[in-house]
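The task is simple: from the sequences and hints, build the whole structure.
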Amino acid sequence: MPLFAEHFRWGRQEDAHEFLRYVVDACHTAGLRMRKRLPAAVANGNCGEEEGRGQGMCMIMRETFGGALLSQVKCLLCKGESNKTDDIMDISLDLPGSSSVADALARFFQPEILEGANKYSCERCKKLTSARKQMFILRAPKVLVIQLKRFEGINGGKINRSIEFKEALVLSDFMYDKNQDSHPAYNLFGCIVHSGLSPDSGHYYAYVKDAIGRWFCCNDSHVSLSSSQNVLSEKLNLSAPMEVAYQAPHLMRP
40 MPLFAEHFRW GRQEDAHEFL RYVVDACHTA GLRMRKRLPA AVANGNCGEE
90 EGRGQGMCMI MRETFGGALL SQVKCLLCKG ESNKTDDIMD ISLDLPGSSS
140 VADALARFFQ PEILEGANKY SCERCKKLTS ARKQMFILRA PKVLVIQLKR
190 FEGINGGKIN RSIEFKEALV LSDFMYDKNQ DSHPAYNLFG CIVHSGLSPD
240 SGHYYAYVKD AIGRWFCCND SHVSLSSSQN VLSEKLNLSA PMEVAYQAPH
290 LMRP
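Each residue of the sequence shown is one higher than the last, beginning at 40 in our numbering.
Among these hints, one or two may not hold up.
What the hints assert, rightly or not - With a cut-off of at most 16 Å between alpha-carbon atoms, the simulated EDC-like pairs for lysine to aspartate or glutamate come out as follows:
1. 113 <-> 154
2. 197 <-> 133
3. 197 <-> 239
Unchecked claim - Pair by pair, the computed Cβ-Cβ distance ranges are:
4. 203 <-> 157: 29 to 37 Å
5. 164 <-> 265: 52 to 60 Å
6. 236 <-> 259: 18 to 26 Å
7. 259 <-> 163: 54 to 62 Å
Think of the hints as simulated: they come from the structure by calculation, not from any bench.
This one's a predicted model, so the numbers in the text were calculated from it and none came from an experiment.
Even glycine gets a Cβ: it sits at the ideal position worked out from N, Cα and C.
Right, dumping it as structure tokens:
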């Protein structure tokens, strides 16, 4: 564990999503170090098949989890646009007002009108104008990790109510270019569950689907066969899904 997150300590409650980010970042950093040791021809892509596979391994974390969001502000007067691109490794969703992952995603990507005291300073109009601000998916990741933000920042409480999620997830409505083939359809293959009252106590366990479609529950060192019905019904008592992972269908092996 110290290899990924130095400040994490055994026996102390830590955040599963934070740990996942540390693992992904650590693996990516290790890949970059490996790439620096490669011959210049390999690092620049001028290599044979075997060397090319080695180069690909260096960037595997970004290629697997990496995507991009586009934040767009459009002036409602002159129709001019201001676009900003941000690379992502996951999407974190606020839950207040949402009853499902689909609903929370719709809220995340819904447009916001900038007006009144919050008007937009349009460079083309040279004045404050009303504008529409909206987020789009510019590049969909091969593996989409969604964090459900169940811990409230103000009082430290936990949102234990049921949040529905399904085995299939389609993101085509949120794509910037709805005509491009960027893996906007996904299949559920993982879920992290937190059982407990607060972020300072409780227990994590996980569900994962293997390459032939079988679900397993991983609870500490105990691994047992499970089912999609068990995963989708994880909403009883104090158990609540904190993280769900979806995979592009073309990555699923028969």
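Against the structure, the hints come out as follows:
1. Between the alpha carbons of residue 113 and residue 154 the distance comes to roughly 12 Å, so the proposed pair stays at or under 16 Å and holds.
2. For a cut-off of 16 Å, the pair hint linking residue 197 to residue 133 stands: about 12 Å separates their Cα positions.
3. Among the hinted pairs, residue 197 with residue 239 is consistent with the structure: their alpha-carbon atoms are about 10 Å apart, no more than 16 Å.
4. Restraint check, residue 203 to residue 157: a C-beta distance of roughly 32 Å satisfies the suggested window 29 to 37 Å.
5. A C-beta distance of roughly 57 Å is found between residue 164 and residue 265, which places it inside the suggested range of 52 to 60 Å.
6. For residue 236 and residue 259, the hinted distance range of 18 to 26 Å is satisfied, since their beta carbons lie about 20 Å from each other.
7. Taken as a hint, the range 54 to 62 Å holds for the pair residue 259 and residue 163, whose Cβ atoms sit roughly 59 Å apart.
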